[in-house]
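Student: Using this note's numbering, the letters of the sequence shown map in sequence onto residues 1 to 159.
No lab work stands behind these hints: they were computed from the structure.
This one's a predicted model, so the numbers in the text were calculated from it and none came from an experiment.
Wrong hints could be hidden among the right ones.
To be verified - Here are the simulated distance ranges between beta carbons:
1) L138 with S92: 31 to 41 Å
2) S96 with Q76: 37 to 47 Å
3) M94 with T135: 23 to 33 Å
4) K88 with R12: 21 to 31 Å
Virtual Cβ for every residue (Gly too), placed ideally from N, Cα, C.
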Amino acid sequence: MLIELKEVPGMREAFKRSRSVILTTYNAEGERHSRPMINYNEDPYKDIKFYTFTETRKVRDIKERSEAVISFPSEQEGKVYRIKGFAKLADSKMVSNEWEWWYLFYHPEKKPEWQLSGYGSYTDHRAIIIVEPETASLEEIPSDYADLKDYEDLVNPEQ
1 MLIELKEVPG MREAFKRSRS VILTTYNAEG ERHSRPMINY NEDPYKDIKF
51 YTFTETRKVR DIKERSEAVI SFPSEQEGKV YRIKGFAKLA DSKMVSNEWE
101 WWYLFYHPEK KPEWQLSGYG SYTDHRAIII VEPETASLEE IPSDYADLKD
151 YEDLVNPEQ
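Sequences are here, hints too, so could you generate the full structure?
Tutor: Spelled out as C-alpha cells, the structure:
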C-alpha cells in the first residue's frame, strides 16, 4: 500500500547520494537488528528495494515481523533521516525479472576482488526486500548508546 508521505526538506537529495543506508529489522520478540545495505534506490517516498539472499537474518526477521526502519545521514551534522515502514519479500517472478547478476558479488570485507557469493546455484537463494514507507523524518542522533545501536552496527554489521 503506497501512501503519500509528507516530504522532508533535503531528504530526497540525501537519499540519492546515500549509496549505503542502515536497514533495521525486528525479530518476533522485538529485538532490533541493523546492518548497512547498498542503496540502488533514488526516491525515498516510493517502495524501497534491497537485494539479498534468503538465508540472512534480515529475511528471517521480515518473515516474523514486518516493521522496518531505513536510516541515512543528513547534510546537517548530528542528524539523520529515517523512513519507517513495513517490509515484505518480493515474489519469485519479481526476483527473477529484477535481479542483476552482479548485485551482491563484490565482498570487500572478504577480499578486494569480485567473487561468487559462496552459494552453489545462487539463483535459488536470491531475495528482494521491499520496504513500503509509512513515515519520513529528520531526527537528532540520540546521545545514549541504546538508541545509537543503529549507528554502532555500521562498525559490526550483522547479516
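Student: None of the hints should be skipped; say for each whether it holds.
Tutor: The hints, checked one at a time:
Between L138 and S92, the C-beta spacing of about 37 Å keeps the proposed range 31 to 41 Å intact. At roughly 41 Å, the beta carbons of S96 and Q76 sit within the given window of 37 to 47 Å. Taking 23 to 33 Å as the suggested C-beta distance range, the pair M94 and T135 conforms, at roughly 25 Å. The hint said 21 to 31 Å for the Cβ distance between K88 and R12, and at roughly 23 Å that hint holds.
Consistency note: the structure conflicts with none of the earlier hints.
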